[in-house]
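Enquirer: Here the protein sequences line up with chains A and B, keeping their order.
342 is the number of the first residue of the first sequence in our numbering; add one for each residue after it.
959 is the number of the first residue of the second sequence in our numbering; add one for each residue after it.
No wet-lab data here; the hints were simulated from the structure.
Check each hint, because a few of them may be wrong.
[What the hints assert, rightly or not] With a Cα cut of at most 30 angstroms, we get these calculated DSBU-like pairs of lysine-lysine: (1) A/LYS382 x B/LYS1000; (2) A/LYS350 x B/LYS1007; (3) B/LYS1027 x A/LYS350; (4) A/LYS363 x A/LYS350; (5) B/LYS1000 x A/LYS377; (6) B/LYS1026 x A/LYS408; (7) B/LYS1027 x A/LYS412; (8) B/LYS1027 x A/LYS382; (9) A/LYS377 x A/LYS412; (10) A/LYS412 x A/LYS360; (11) A/LYS385 x A/LYS412; (12) A/LYS385 x A/LYS360; (13) A/LYS350 x B/LYS1026.
Being a predicted model, the structure only gives us computed values, none of them experimental.
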Amino acid sequence: DTAVSQTPKYLVTQMGNDKSIKCEQNLGHDTMYWYKQDSKKFLKIMFSYNNKELIINETVPNRFSPKSPDKAHLNLHINSLELGDSAVYFCASNPSDLARETQYFGPGTRLLVL
Amino acid sequence: AQSVTQLDSHVSVSEGTPVLLRCNYSSSYSPSLFWYVQHPNKGLQLLLKYTSAATLVKGINGFEAEFKKSETSFHLTKPSAHMSDAAEYFCVVSENQFYFGTGTSLTVIP
């Protein structure tokens, strides 16, 4: 009965590779997010999708591309991985596009680029 | 513009003593404010939230926070720390999106 799930939990890969992280929520929420947490634990929003449409696209490199096949899923594809992409990536969701509402977070995907 | 300042990057308390984690915010309007907790190698869990109702907000695990508009503060407190409270705590201000503070690492000494 996991609310927000992410796969994989850990991802170790070589520089230059392409990888994807998947996120699914079974809460019936309309909006989903991707956040990046750096080594100092600072969290910053990357993307937000509402009903499969991008509504926030912070200044992240073009190598990062979110894809939402339906409103329960928001995947993150990363091309040409770089050392600086090493971080923990969190998926989150909330019921609507109102950011005042509680966001529910997944367990995180720990990405290490070698 | 919104911003969040967590005044202490690390806080250490003895088990059974009070916890105070400080948070100040800036916001153009009346924001929603949240505290989240992150245990080691885990995701973020909501502790409590303020959305313009009562200024004293009670959360899970005995935590509470008081919204003080005049001081633009939303400090998190707990009367008696437990070993299981050791974690990273994030204060969040939200208007059009979530803005996270830099986090406070809480250590509980047996």
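Enquirer: Does each hint fit the structure? Answer for all of them.
Expert: Comparing the hints with the structure gives:
1. A/LYS382 x B/LYS1000: Distance of about 12 angstroms is within 30 angstroms: holds.
2. A/LYS350 x B/LYS1007: 28 angstroms, holds
3. B/LYS1027 x A/LYS350: 40 angstroms, violated
4. A/LYS363 x A/LYS350: Holds, at roughly 10 angstroms.
5. B/LYS1000 x A/LYS377: 14 angstroms, holds
6. B/LYS1026 x A/LYS408: The hint is violated at about 40 angstroms.
7. B/LYS1027 x A/LYS412: Distance of about 37 angstroms is beyond 30 angstroms: violated.
8. B/LYS1027 x A/LYS382: Judged against 30 angstroms, a Cα distance of about 27 angstroms means the pair holds.
9. A/LYS377 x A/LYS412: OK: A/LYS377 and A/LYS412 at ~21 angstroms, within 30 angstroms.
10. A/LYS412 x A/LYS360: Given pair A/LYS412, A/LYS360 holds - Cα atoms ~21 angstroms apart, limit 30 angstroms.
11. A/LYS385 x A/LYS412: Cα-Cα ~22 angstroms, so holds.
12. A/LYS385 x A/LYS360: 20 angstroms, holds
13. A/LYS350 x B/LYS1026: 39 angstroms, violated
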